[in-house]
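Asks: Read off the chains here:
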Amino acid sequence: MRTSAVVIGAGHAGLAMSHRLTARGVDHVVLDRGRIGESWRSKRWPGLRLLTPNWMLGLPGQPAGQPDLDGYLTATDVALLVGAYAERVAAPVRTNVEVRTVRRVGHSYDVATDDGAWRADAVVLATGAAASPVVPGYAAGLSESIAQRTPFEYQGPASVPDGGVLIVGASATGVQLAAELRAAGRPVTLAVGEHVRLPRRYRGRDVFWWMHSTGTLDARHDEVDDLSRVRRLPSPQLIGSSVPVDLGSLVDAGVRLTGRLVGIDRDVARFSGSLRNVCALADLKMDRFLLRADEWATRSGFDAALEAPERFARTPVPNRPVLSLDLGADGIRTVVWATGFRPDHSWLGLPVFDRHGRIRHHGGVVADATGLYVLGLPMLRTRASTYIHGAAADTAVLADHLVTTLRA
Amino acid sequence: MTMITPDATRPVDNGVNVEALLGAREALSDAPSAAQFTWKATCTWQHGTHSRSTVDGFTGLGIDHRHTSSYTFDVDHPECFASEDKGATPTEYLLVGLAGCLTAAVASVAQHRGIQLRSVTATVEGEMNVLGILGGDPDVRNGFDRITARFAIDADASRADLEALLAQSQKRSAVFDTVTNPTDISVELV
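So the protein sequences, as listed, match chains A and B. Under the numbering used here, residue 526 is the last one in the first sequence; the count climbs by one each step, no gaps. Under the numbering used here, residue 749 is the last one in the second sequence; the count climbs by one each step, no gaps.
There's no promise every hint is true.
Unchecked claim - Subject to a maximum C-alpha distance of 25 Å in a straight line, what follows is the list of computed SDA-like cross-link-like pairs (lysine to any residue):
no.: 1; chain 1: A; residue 1: LYS403; chain 2: B; residue 2: GLU651
no.: 2; chain 1: A; residue 1: LYS403; chain 2: B; residue 2: THR707
no.: 3; chain 1: B; residue 1: LYS599; chain 2: B; residue 2: ASP736
no.: 4; chain 1: A; residue 1: LYS161; chain 2: A; residue 2: ARG349
no.: 5; chain 1: B; residue 1: LYS730; chain 2: B; residue 2: GLU684
no.: 6; chain 1: A; residue 1: LYS403; chain 2: B; residue 2: ASP736
no.: 7; chain 1: B; residue 1: LYS730; chain 2: A; residue 2: SER346
no.: 8; chain 1: A; residue 1: LYS403; chain 2: B; residue 2: CYS660
no.: 9; chain 1: B; residue 1: LYS730; chain 2: A; residue 2: ARG347
no.: 10; chain 1: B; residue 1: LYS730; chain 2: A; residue 2: VAL253
no.: 11; chain 1: A; residue 1: LYS403; chain 2: B; residue 2: SER717
no.: 12; chain 1: A; residue 1: LYS403; chain 2: B; residue 2: ALA663
no.: 13; chain 1: A; residue 1: LYS403; chain 2: B; residue 2: LEU581
no.: 14; chain 1: B; residue 1: LYS730; chain 2: A; residue 2: GLU312
no.: 15; chain 1: B; residue 1: LYS730; chain 2: A; residue 2: LEU408
no.: 16; chain 1: B; residue 1: LYS730; chain 2: A; residue 2: SER442
no.: 17; chain 1: B; residue 1: LYS730; chain 2: A; residue 2: ARG374
no.: 18; chain 1: B; residue 1: LYS730; chain 2: A; residue 2: VAL348
no.: 19; chain 1: A; residue 1: LYS403; chain 2: B; residue 2: LEU721
no.: 20; chain 1: B; residue 1: LYS730; chain 2: A; residue 2: ARG350
no.: 21; chain 1: B; residue 1: LYS730; chain 2: A; residue 2: LYS161
no.: 22; chain 1: A; residue 1: LYS403; chain 2: B; residue 2: ARG718
no.: 23; chain 1: A; residue 1: LYS403; chain 2: B; residue 2: ALA666
no.: 24; chain 1: B; residue 1: LYS730; chain 2: A; residue 2: ARG406
no.: 25; chain 1: B; residue 1: LYS730; chain 2: A; residue 2: ASP405
no.: 26; chain 1: B; residue 1: LYS730; chain 2: A; residue 2: VAL342
no.: 27; chain 1: A; residue 1: LYS403; chain 2: B; residue 2: ALA711
no.: 28; chain 1: B; residue 1: LYS730; chain 2: A; residue 2: GLY381
no.: 29; chain 1: A; residue 1: LYS403; chain 2: B; residue 2: ALA716
no.: 30; chain 1: B; residue 1: LYS599; chain 2: B; residue 2: GLY659
no.: 31; chain 1: B; residue 1: LYS599; chain 2: B; residue 2: GLU651
no.: 32; chain 1: B; residue 1: LYS730; chain 2: A; residue 2: PRO434
Just so you know, these hints were derived from the structure itself, not from any lab.
Only chain B is shown next, with the shape it has when bound in the complex (with noise of 0.2 Å):
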């Protein structure tokens, strides 16, 4: 694969620190233990279905690290559900997840590329047979079974060049992958 050269003229700029993330990987694959990282959400019954979720920490370089502010996420049910809809259901935190995440990845594997990114808008939709989650139908399964993300973009680049850096977002994706691929989980009581 070979770099498109920015025009020298009008530099490409997504707002991306490439040259930081390149340097990283080299550094971090002659360390691999500095490149475990762990993320961490905690998460408080409000009341009902509600519930409030922070994030304000995680580990990573060997180090604890603090996000530059505590965010907070509200998560509820929705009316039609007989509950109070205080906030997003968990279901569309997954697909904002995944939306902000291949989303970061376009902006990057832009910015390596050479494409300068006016603008990017993705919706993203997971269909849901909701039998599975209340225990309606044993044949159906609880969770998405088929997630769609369109993408808009505006840029200068060809649809080849665009498709191929769709694609390559989902190669880099932290939680395309975590979605496509199983992952162990154990949930215990302290």
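Just chain A, with the same shape it has in the complex (with noise of 0.2 Å):
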């Protein structure tokens, strides 16, 4: 089959993609192994929020219009989002379509999928930053009679076997599900590495309502100093929730905090001595953040309208932070892995990827592979490319892009 423009991945990005192609009369199909919005449908966990208020949410043809424009989705209200986005913007949507390999042919792209082949001159790669859990290879040294669990198979509290549970990450995955096992009764151990500290509120506004303003979210990958560093980043510690969730909360609320999961042999876990310097960095860049904050209100003369400045409290590091658990007599009965989540684009048969596997690109244009391009990855054009909102700026520069690319 013939199609100018293959999007794979019918989510928020590959479905704004649609549209712009849509505006632009690009003969385009889009691709879906399971259905709209699948992600949100089979892999997030029940008590999953936005960590994103519902204002953020506008995709290009469909304004935000949630009724509670501060509050924070749920997984299923994303699904219905996006099926609904789908429909508003009439997306030439195929799905329960596999897409098997990805080859280069000619000037064009041979698209093999489980229902058959696609031939197009441009590929748009939509399937998300979150496609697989990364689950560390020390999980090995873990013996049957501790349960494991990936956000994917994480399905509330009901679904961990009674007892202790290990979170290992403390980023927007781990201090989430900390707060709903704790809140469930359960004995919680959270391993801290580093992190993002960030207020739900400051002087009365969402965090992202500072980021949308100072222009935080707006900085380019072409701008930033050290992309990669910034494209690696953690989420930060939020929760979508008007009660906020930081480390000194989850304390507070009887987690017990230690260094970073360094290694595991035969159920005794060994954990970093570094916890009271990474929980440092946090509060002191969040300090700064609060800082740079407080000198824009001050600058554009927002004073007045906002609650006075303020500072967090320190995270409280325990005095002996434990270095070695032994899992079993210590009456943790499951390791939760929150240690991040990385793309998948691994069926694509095409030489694009750095020595870290990682698809290389200048926001969003795939290096050496004209007519290719990449959706919805962390600092992909901007801060905002990791958000949903994100899509509109980034997909309206890709689609003008691709439309150059097919008439060249």
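Mind docking these for me? Both chains are given alone in their own frames, and the hints should help you get the complex.
Replies: In structure tokens form, the structure reads like this:
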């Protein structure tokens, strides 16, 4: 089958690109191996809420239209939003079509699927930044008496065996699951590596209001210092709730903090001695963010409209952090891997990866592969790229680039 | 993170060539095998608990390197352990390594951030229950169970900037990493 462009992935980003291509008269098809917005239906835990408030959910052709603009959607709500968006923009989606591989054939791409092949001049990868959970290799040091759950497998506290839980990773996923499991009465140990601490609200406004207003979200990929570091930054320790969560509130709730998990041997976990420093780094970086926010507010004449500046308590680090833990003896029955996610482009039969297996691209234009684009990765084009509304600006630029490529 | 622009009339000079280090980072990112270094010390037993270690060369960037001179270190145990105290203890050398590594990182990061240092003094203390090495209590480990480093820094910077400088220095310290994280060690008879 012949078309001009194949968009792989019918999530918000792929659908936004579809809308942009339709507006530019580009013949295309959107393929998804599952349903529209499949990840939000089957790969997110029930208690998940977006980190971003609802006013940030605008997509091209569909403004943010949630009844509570300051609320945070559940995964099910996001699936509904994405489904409604597909209908609204009349995206040419083919569901339950799995792409097996993509190959270069002359100046075109051959997209092989389990339902026939497509030939196209452009391919847009929109399969998401969180396609696979990352599980460290030392997970192999756990015996069968300790259950393991990735966030894809975790389906709420009842899905975890009775007893204590070690949550590895204290970014957005880890702190959400720690709060949820602790609220369900579980003994929770949280292994904390480098993380990004931000307050949910500051001076009466959501932290994303600050990031939006101060231009932080608009920081461009070709302007930041050390792009690869910014692209690897973990998602901030936030929870989609008016009740804020940080390491301090988790400690108050009875969660035990340890350093980064650095190894497991026969169910004995070892933790780094760096807990004090990773907490100090995160506290200091948060203070720097707040200082810049305050400076911006004064400069922009916003001070009168905002509550007074404040600073938050330093993260409480245990005086003698646990360095080694016999999980069985400690009553820990489950390890939850909140150790991040990675995109999965492994099915792509093209030489477009760096030595870490990451796709090489400049603002979504894949290097050395004319007509190949990628969407929805952290800091793809701007800091907003990682959030749903970021697809609006990114797809506008990349759709224009794609049209130029088709005409060349 | 924004870099503080150095005052052009009084350039910050901590004696660290940051441009060279940043250039090396860029070059080595594209040539990973050259980034593989091996550091080396040789140690010769003298008498009793006294030994003498020599450091004179290492490999990296694909070649062998010589230090500008050969450095020797006497290592011994103190008199209260019935030794002759002909040098610092091995554990004190570990503290020396940590202090030197963190201090080098402080100077480098300060240079990069445009912070002029006037003085830096670090006091590093390690706490240890010696019943561990004496075999007197199986529940006590051999090594340090806590290390505390206290830095007195006189510099043109706020306290918050100095705290950030110290925090970043720990992130960029090889000895800090080696002490806080597990390392695979192989001790063989040749």
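Asks: Does each hint hold? Answer for all of them.
Replies: Hint-by-hint comparison with the structure:
1. A:LYS403 / B:GLU651: Violated. A:LYS403 to B:GLU651 sits at ~33 Å, over the 25 Å cutoff.
2. A:LYS403 / B:THR707: Satisfied, since the Cα-Cα distance of roughly 23 Å is no more than 25 Å.
3. B:LYS599 / B:ASP736: Between B:LYS599 and B:ASP736 the Cα gap is close to 18 Å, so the pair holds against 25 Å.
4. A:LYS161 / A:ARG349: Answer holds: A:LYS161 to A:ARG349 is near 23 Å, not above 25 Å.
5. B:LYS730 / B:GLU684: Given that 25 Å is the threshold and the Cα spacing comes to 20 Å, the pair holds.
6. A:LYS403 / B:ASP736: Roughly 21 Å between the alpha carbons, so the hint for A:LYS403 and B:ASP736 holds.
7. B:LYS730 / A:SER346: The given pair, whose Cα atoms are some 17 Å apart, holds under the 25 Å limit.
8. A:LYS403 / B:CYS660: Status holds; Cα separation ~23 Å.
9. B:LYS730 / A:ARG347: The hint holds at about 14 Å.
10. B:LYS730 / A:VAL253: 23 Å, holds
11. A:LYS403 / B:SER717: OK: A:LYS403 and B:SER717 at ~15 Å, within 25 Å.
12. A:LYS403 / B:ALA663: 22 Å, holds
13. A:LYS403 / B:LEU581: 22 Å, holds
14. B:LYS730 / A:GLU312: 10 Å, holds
15. B:LYS730 / A:LEU408: 22 Å, holds
16. B:LYS730 / A:SER442: 22 Å, holds
17. B:LYS730 / A:ARG374: 23 Å, holds
18. B:LYS730 / A:VAL348: 16 Å, holds
19. A:LYS403 / B:LEU721: 13 Å, holds
20. B:LYS730 / A:ARG350: 16 Å, holds
21. B:LYS730 / A:LYS161: 34 Å, violated
22. A:LYS403 / B:ARG718: 14 Å, holds
23. A:LYS403 / B:ALA666: 20 Å, holds
24. B:LYS730 / A:ARG406: 18 Å, holds
25. B:LYS730 / A:ASP405: Holds, at roughly 18 Å.
26. B:LYS730 / A:VAL342: 20 Å, holds
27. A:LYS403 / B:ALA711: Between A:LYS403 and B:ALA711 the Cα gap is close to 22 Å, so the pair holds against 25 Å.
28. B:LYS730 / A:GLY381: 19 Å, holds
29. A:LYS403 / B:ALA716: The given pair, whose Cα atoms are some 16 Å apart, holds under the 25 Å limit.
30. B:LYS599 / B:GLY659: 17 Å, holds
31. B:LYS599 / B:GLU651: 18 Å, holds
32. B:LYS730 / A:PRO434: 20 Å, holds
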